[in-house]
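Visitor: Letter by letter, the chains look like this.
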Amino acid sequence: MKILVGYKRVVDYNVRIQVKPDGTGVVTEGVKLSANPFDDIALEEALRLREKGVAEEVVIVGIGPADLTAHLRNGLAMGANRAIHVTTAEAVQPLTAARVFLKLVEKEQPGLVILGKQAIDDDANQTGQMLAALWDRPQATFASKVEIADGKATVTREVDAGLETIEADLPAVITTDLRLNEPRFIKLPDIMKAKSKPIDVIELGSLGVEGGDHLKTTHYAAPPKRSKGVMVKDAAELVATLKQKGLL
Amino acid sequence: MTESRLADLTARVPGLRLLTELTDLIHYGRDWTRRWGPAPLAVALPSDAAEVQAIVRWANERQVALVPSGGRTGLSGGAVAARGELVLSLQRMNRVLGFDATDRLLEVEAGITLHAVHEAAREHGLLYPVDFGARGSCTIGGNVATNAGGIRVVRHGTTREWIAGLTVVAGNGELLELNRGLVKNSSGYDLRQLMIGSEGTLGVVVGAQLKLTDPSPPAQTMLLALPHMDALMEVFGLFRSRLKLQAFEFFTDVALKHVLAHGAQRAIDASEPYYVVAEYDALEDRDEQAALLAFEEGVREGWISDGVIAQNEAQAAALWRLREGITESLAPRKPYKNDIALRISAMPAFLHEMQALLARAYPQMEVVWFGHIGDGNLHINVLPPEDMAQAEFLAHCERVTRLLADALQRHGGSISAEHGIGLVKRAYLDSTRSAAEIALMRGVRTVFDPHGILNPGKLFE
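Listed in order, the protein sequences are those of chains R and H.
At position 193 of the first sequence (counting the first as 1) the number is 193 in the UniProt record's numbering, and the numbers step up by one without a gap.
At position 147 of the second sequence (counting the first as 1) the number is 147 in the UniProt record's numbering, and the numbers step up by one without a gap.
Chain R with its partners taken away, still in its complex shape:
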């Protein structure tokens, strides 16, 4: 079985995000960029399935500008067999990404597509679901446990009420939640080896994908700063203050 994994690059989640002064976006220059944490989990899960003998090949997919290569090399160093780099200078929205994945799915015929449940830059949480619909295959989202046997995926999902376990016929789309696994460290010798692993470069325009970027972002702004707390002397003053603010 072949597993296709979405591998997006985002601003590292430990970096304090700064909005550009002119409100056209967030600052990404000189800022640490890393794999989307949920995508790291997706890749880790795929590698574990390969190590268990469930899959033979793990292919990572990145959509982005030319300099995405270094990021994809990291995924290869982590253990993916090869990478597909869909090049575009523009950031793509979930529907476009899902259509790109559909094209790649048709070409690669994977038994499983594992995507992060969302990317931490736009937090859209849509690509996996859209891909499943376009592909007309089952989806198992927010996975915290995955088992593959007899052409079926048994997936434990993190849902509002707790955990839910479902079965999905393969091929299927799985999206990962935080507790699925803890991604491994990249071994330095594997970075060397990753240099000789293949990266297929495909121009987005050549895929014949209908553009799905219908959302227009008009302005970026930092969240409003929390105002300072106020110390009150006693309960009476507390009550009075709350009343004055119309909270009681």
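Treat each hint with caution, since some may be false.
[As the list claims (entries may be wrong)] In silico contact screen, one side only, chain H against chain R (beta carbon under 8 Å); selected entries: (1) 188; (2) 189; (3) 191; (4) 267.
[Unchecked claim] These stretches of chain R come out as covered by chain H in the derived footprint (C-beta under 8 Å, 3 or more residues): (5) 32–41; (6) 108–118.
In short, the hints are calculated from the structure, not lab data.
None of these values were measured; they are calculated from a predicted model.
Cβ coordinates follow ideal geometry from the N, Cα and C atoms, glycine included.
Mind docking chain H on chain R? Use the hints.
Guide: Chain H alone, transformed into the frame defined by chain R:
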């Protein structure tokens, strides 16, 4: 007697917060060493420099010893109050007083934690680069008193490099504004520098003007496994020549064992006697290329057997925990700590001598090595065997430390790199400082603190 002294103090300093409950006396009477039973007279928590000054004047008149106190994370007993001293805690004086963008100076009260300073600097888009594991509890006053070092010294130097001015209440009760934030000041003795590393024996630091700098560029963090001790200095030399190091720290397999037992993530498959956490500037692809080439060369030379690289900040933090978690993981065992410094060039020869000496001296004890190899600073912790009484253990360690001190003297090193002398290393000061130096140090102390009320017994008897 006791009552009347404290009554006099409260009369002189109306509104002074004073703690006398037993639990407070214990809490404020000790640091991270656990050798001395805390027994202070009381704990004073002044709210400003004027109150500190009043306390120091009172102590002079009533002949009460004072122990200036910050976060009490010290490892040399410098903040221990075991002989009826008044603990003078700066804990309530923890404000940021101001920031000047032109001067790039952050003015703070001495009781502010190092972590709060980091945060305040970051709010202004700048960096206060001194950093180490105790950042959440230790305070700037204590950092100044010990000239604290930590994990960024290889790039940024010790606390001393970052102090542009100090506000101090000297032992004689005078309030001093030392250097006032000047970059250049060639007007005689720089008393600010004298205060740094004085371990609370010359004055009470009540405020500081801290230099801030540009934030560090994005960094990569690596963990390397090394097959033998000689490789440590070789790999340091190799990496320093190829990369802009932000940190270069080492620890042994014994340290790793303890920190893993304390809940850290293993991160690396290889089992080797030595490990290194290296962090370096990684602005562009070629920085990463340089790091990989250095790694490859280290492997070819037989100095490195394996390595991992953090993919993101969370993994970097996990790698750092392997190094920074060591002190905490050992603490329950009450280790005997050595914190020694050498010229980097003297390190290889010294390491061999030390390894042989410690194997002879501590045959049945666990010895944990770690530290800032790039600064010539080793931490050697000795863990007591389960069945050995503490007194016997300490007596044995003291004998070994004398041998260690003799070796240091031969190699021109120091018995304390960054923890301070305090009570723990007082007996060995003469291995690092000449008799003439110590005599001058005592003389300086008498000038600042004629009645000897400030932290008596620390640094020297």
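Visitor: If you test the structure against every hint from before, which numbers come out violated?
Guide: 1, 2, 3, 6
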